[in-house]
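Chemist: Listed below, chain by chain, are the residues.
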Amino acid sequence: MDIIKNIEKVESLNTNLAGKDFLLTWEKSEAELETILTVAQILKDLRSKNISPKVFQSGLAISQFRDNSTRTRFSYASAANLLGLEVQDLDESKSQIAHGETVRETANMISFLADFIGIRDDMFLGEGNKYMREVGQALDDGYSQGVLPVRPGIINLQCDIDHPTQSMADLLHLKNEFGSLENLKGKKIVMSWAYSPSYGKPLSVPQGIIGLMSRFGMDIELAYPEGYELIPEVEQLAAKQAKASGGSFHISHSMKDALKDADIVYPKSWAPYHIMQKRTELLKADNHQGLNALEKSCLAENAHHTDWEYDDEKMKLTKNSDALYMHCLPADISGVSCEKGEVASDVFDKYRTKTYMEAGYKPYIIAAMMFTQKFKNPAKVLNEIMTKNNKRVLY
Amino acid sequence: MDIIKNIEKVESLNTNLAGKDFLLTWEKSEAELETILTVAQILKDLRSKNISPKVFQSGLAISQFRDNSTRTRFSYASAANLLGLEVQDLDESKSQIAHGETVRETANMISFLADFIGIRDDMFLGEGNKYMREVGQALDDGYSQGVLPVRPGIINLQCDIDHPTQSMADLLHLKNEFGSLENLKGKKIVMSWAYSPSYGKPLSVPQGIIGLMSRFGMDIELAYPEGYELIPEVEQLAAKQAKASGGSFHISHSMKDALKDADIVYPKSWAPYHIMQKRTELLKADNHQGLNALEKSCLAENAHHTDWEYDDEKMKLTKNSDALYMHCLPADISGVSCEKGEVASDVFDKYRTKTYMEAGYKPYIIAAMMFTQKFKNPAKVLNEIMTKNNKRVLY
Amino acid sequence: MDIIKNIEKVESLNTNLAGKDFLLTWEKSEAELETILTVAQILKDLRSKNISPKVFQSGLAISQFRDNSTRTRFSYASAANLLGLEVQDLDESKSQIAHGETVRETANMISFLADFIGIRDDMFLGEGNKYMREVGQALDDGYSQGVLPVRPGIINLQCDIDHPTQSMADLLHLKNEFGSLENLKGKKIVMSWAYSPSYGKPLSVPQGIIGLMSRFGMDIELAYPEGYELIPEVEQLAAKQAKASGGSFHISHSMKDALKDADIVYPKSWAPYHIMQKRTELLKADNHQGLNALEKSCLAENAHHTDWEYDDEKMKLTKNSDALYMHCLPADISGVSCEKGEVASDVFDKYRTKTYMEAGYKPYIIAAMMFTQKFKNPAKVLNEIMTKNNKRVLY
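Chains as they are written, first to last, in this note's numbering: chain A, 1 to 395; chain B, 1 to 395; chain C, 1 to 395.
To be clear, the hints were calculated from the coordinates, so they are not data collected in a lab. Check before you lean on any hint, since a few could be wrong.
What the hints assert, rightly or not - Simulated crosslink set (DSSO-like; lysine-lysine; CA at most 30 Å straight-line):
(1) C/Lys54 <-> B/Lys380
(2) B/Lys340 <-> C/Lys284
(3) B/Lys340 <-> B/Lys278
(4) B/Lys376 <-> A/Lys54
(5) A/Lys391 <-> C/Lys49
(6) A/Lys391 <-> B/Lys20
(7) A/Lys340 <-> B/Lys130
(8) C/Lys388 <-> A/Lys391
(9) C/Lys284 <-> A/Lys388
(10) A/Lys391 <-> B/Lys49
(11) A/Lys20 <-> C/Lys350
(12) B/Lys54 <-> A/Lys49
(13) C/Lys354 <-> A/Lys20
(14) A/Lys201 <-> A/Lys340
(15) A/Lys49 <-> C/Lys391
(16) C/Lys49 <-> B/Lys54
(17) A/Lys376 <-> C/Lys49
(18) B/Lys380 <-> A/Lys54
Claimed, not checked - Simulated restraints, written as ranges between beta carbons of each label pair:
(19) A/Met386 <-> B/Ser144: 24 to 32 Å
(20) C/Thr353 <-> A/Ala244: 39 to 47 Å
(21) B/Glu134 <-> A/Asn50: 26 to 34 Å
(22) A/Asp307 <-> B/Thr280: 38 to 46 Å
(23) A/Asp349 <-> C/Ser198: 51 to 59 Å
Where is the CB? At the ideal position from N, CA and C, for every residue including glycine.
Could you put the whole structure together from the sequences, leaning on the hints where they help?
Modeler: Put into structure tokens, the structure is as follows:
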């Protein structure tokens, strides 16, 4: 029932994402984003009804993780497997890439039978997203020159700028929690920095959140201690988008002020933009002493803001003392994963199951990105899947 | 023919293992164990007749190896692949788990599209099996709260207490060697400690053997030098079970005495229980000096027992000088893999092929554990597989 | 159309490669080699027409890389996946193999549900190919003794002597570039040493090239600085084969002389045979000091031959100043991957796309080796695949 309605929705959105990489949410139209959300929901519902949306008999989904990952790694593998593809990991430590091989060459060499390449590259400001585009350019060339039979689609599994599979999973969670995208209009979401004893957490999650949620008429409150700014261009973009979509965007330097009457809160630590810039320079220069000194001073600065913990008292400031708590996980939970962290353990406990639900959308978001990159008319294919009614568990 | 008879056997056993983790053989009834043995045999026979028992269109079988493995890793991968699942390895060194993430969270995060989780965790006494149950509890919660669409089944791929995929493969080997489970009644099996120049081998194999073989009316002789005891509770359990099943259980401190008239011998090294306890404490305390000292003293103690080698002379003590030799492999073979070891090379040579056959059951045992965890009525599904008659090699 | 003609070609070649390992191209007849080339082309064409040549419902394709690999690793994975098999990597660092387990045992333990084992072992002269045969012998025994239900086929993914998946991909590229195998008769191919600032590159590529191209009536010019010889037996074999096939074989010590009127050039660095012998001894003896000294002296010797770079001036010596440039990739490109290397960047740029095309045949060559190892009558199976017309992308 819902599935059929949702397929009709996909049909009516009438978008064409085929052949286009997914690198930044703000490069997609609202209709395109909604198409992906809807296809993700359909794929999730199909699977729970034991209908298999396997659309490939064979093919590789390549993953390249230039930073650690558990959640996203499993989400990507799950998505690929659901659609019939096999993950092949490009592990740079095992390969000859370290020996000076160009991006162009490697991109082609691994792609002869590939349908997708998922890339995580979030360590260096100014590098990750650029790298993905470089790979994309190489694949374009390879395809146009007849080297590759298919142009593999690229999926951004987190870069220096955005983390679209996370933010889209978060948005689908919000859509389901509040009933519709329409219902998100006028809702207040607080993307807040939070204290963590660790250092160097990427900016892509908060940037992804303000860059995406500002598309749907929400009132966005970005809160952080002075000096903990995000990439300025992304903050400006979010402000512009919020205005255009009928919402608002505001930056605050008090967690408490920001939380007032919030519908949704996303307290999460990150390293300040100017620190990340410095860190990138030091990493490039392989300056270990400088990195250690930076870490030390950054942690010392962080220590002034241990009160940026989302606790019961702060929760009481939010709407009905019950704003929806969100996190990309793992959270730094006070008294659990660290002495003092992003969130008090009783608050986290209250919303734990919801954060797990939130995470559970990611495999389907990735699968939907693959699906819509592959098929010009996803609604038609989804209808055929429904008609065919192949079982996932066969008996 | 045999397949159909065996399916009828499964039907008549009329057990329901669906939704239940496989953690210890002694938590299963004899009928349940026999169901798994029979399904394993059927799956093996189907495959040799080129009939594919693929029951999944997609789905992940997660593996988590907290200790090294070749055999079990390949067995698990083979089983998963046979049934249509893709292995995804949870490699803790590559993930963020090391950074203080809770078991509960990880268990859910990796399981959104998983059907099974196979776990090896055999390094710490009192920890491995406990960890599996913790994962199981987390999955129960996740499933009941709607986080997981399916409750993935857990398969113990070796813990501190038991090694059920090994012991069940061993039992299926015995069943085939002696013609039936019935025929094992009254047979004498000697689970004997044997000398090895290495140290710290887990207790789970000998414990698994006495914990399982004592269910089927066999006369169990557990032999080890004084001080090389297993976990006391497991020895007691084996004694109780042996009595209940009409067999016997006896502990001896002379390999030669133990071997007299044996039908089956399983000479294998292990570290004494009290050493493993001490080792666990030292490992937890990260006490390298203490560990080195313990290893040294333990090897020195071992060196007093180099005569606990299963050689030609000792083989002559067994029934018809030809007891069935068993080993989980790799064995420490004197003059081959070490100067002096668990077994003389001529004796091993004589039984090598049989030990390979023994090992060959493990993939099917794991597949049968998966199969029976998934389907309430495995006989019905097996009949449908026979009817469908899909080929593994299609042409 | 072409596919059907090619299937008829396979039929008319009437070879039977089933059950035979692929270890050295010179162990196969010309008709057998042509069968593999033709099947590879068919599989490539089928895939570009979205017809799935999946012939396995399940089964493992094991890979064992005893040296680094990106290209071949992905090619092997792509081939296995195309035919319906799942790659399972035997990673010796993760396994217990390091602890003295015999080759025989491991070969059997991993193969209970395997259809193929692909092995790269190219570090030690006199060892790699031997190791593959040892594995093969173990599998023969295991199969004949009933341990294994199927004898997995072995595919040489590069050894100390040959690199058949590379040379066969190169040959298929040549066949397509020149229109037919027939057209290669009388063509001049120059397999030339080229300068590289690195050291210890294996001999298997140049040996593979002269060992294979000498079968098809080509005029082979092997060029290297004095002292940079290949394994003498392989040079002799190439000479003999060239003569028998109506071509010629000549060794030259001047790159310029060699290039005159060449139709095809393959400039690539390698370490001299006598150095590799010495290196093997030192590696076996774990003599780090000796290895360092050898590397130093070898690089110093190399430095006398920086003029062995294939550049624009040298290209002008070849036929119509436009000999087909080939390389197994990655090439050492002057000014790109190193200061001074095997090839000038403008020359490489001119032929880059062609080298990518060349590499693109490897997955299909591997798939064809698997296919012909499995099926006695590959033409019949290919016809059935055409008739069935299963889609790779289903919708």
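Chemist: For every hint, state whether the structure bears it out.
Modeler: Verification of the supplied hints:
For the hint pairing C/Lys54 with B/Lys380, the CA-to-CA distance comes to about 28 Å; that is within 30 Å, so the pair holds. Pair hint B/Lys340 plus C/Lys284 holds up; C-alpha atoms about 25 Å apart against a cutoff of 30 Å. With a C-alpha separation of about 26 Å, the suggested pair B/Lys340 and B/Lys278 falls inside the 30 Å cut-off, and the hint holds. Distance restraint check for B/Lys376 and A/Lys54: the Cα-Cα separation of roughly 25 Å lies within the 30 Å cut-off, and the hinted pair is therefore satisfied.
Taken as a hint, the A/Lys391 and C/Lys49 pair is honoured in the structure, with Cα atoms around 27 Å apart against an allowance of 30 Å. This hinted pair checks out: A/Lys391 and B/Lys20 have alpha carbons roughly 23 Å apart, not beyond 30 Å. Using a Cα cut-off of 30 Å, the hinted pair A/Lys340 and B/Lys130 holds, with the two alpha carbons roughly 28 Å apart. Proximity of C/Lys388 to A/Lys391 is assessed by CA-CA distance (about 21 Å); at most 30 Å being required, the pair is judged to hold.
The suggested pairing of C/Lys284 with A/Lys388 is violated, with an alpha-carbon distance near 60 Å, which exceeds 30 Å. Using a Cα cut-off of 30 Å, the hinted pair A/Lys391 and B/Lys49 holds, with the two alpha carbons roughly 25 Å apart. At most 30 Å may separate the alpha-carbon atoms for a hinted pair to count; A/Lys20 and C/Lys350 meet this at roughly 29 Å. Straight-line distance between C-alpha atoms of B/Lys54 and A/Lys49 comes to about 19 Å, which keeps the hinted pair within the 30 Å bound.
Between the alpha carbons of C/Lys354 and A/Lys20 the distance comes to roughly 26 Å, so the proposed pair stays at or under 30 Å and holds. Restraint check: the Cα-Cα separation between A/Lys201 and A/Lys340 comes to about 16 Å, which is no more than 30 Å; the hinted pair holds. Between A/Lys49 and C/Lys391 the alpha-carbon distance is near 25 Å, which keeps this suggested pair within the 30 Å criterion. Between the alpha carbons of C/Lys49 and B/Lys54 the distance comes to roughly 27 Å, so the proposed pair stays at or under 30 Å and holds.
Distance hint between A/Lys376 and C/Lys49 is fulfilled; the C-alpha atoms sit about 18 Å from each other, no more than 30 Å. Note on B/Lys380 and A/Lys54: the hinted pairing holds, with a Cα-Cα distance of about 25 Å set against a maximum of 30 Å. Take A/Met386 and B/Ser144: their Cβ atoms lie about 29 Å apart, and the range 24 to 32 Å holds. Taking 39 to 47 Å as the suggested C-beta distance range, the pair C/Thr353 and A/Ala244 conforms, at roughly 43 Å.
Range check, B/Glu134 to A/Asn50: about 29 Å between beta-carbon atoms, so the 26 to 34 Å window is met. With their beta carbons about 41 Å apart, A/Asp307 and B/Thr280 fall inside the hinted range of 38 to 46 Å. Under the hint 51 to 59 Å, the C-beta atoms of A/Asp349 and C/Ser198, about 57 Å apart, fit the expected range.
Violated hint for the displayed structure: number 9, the only one.
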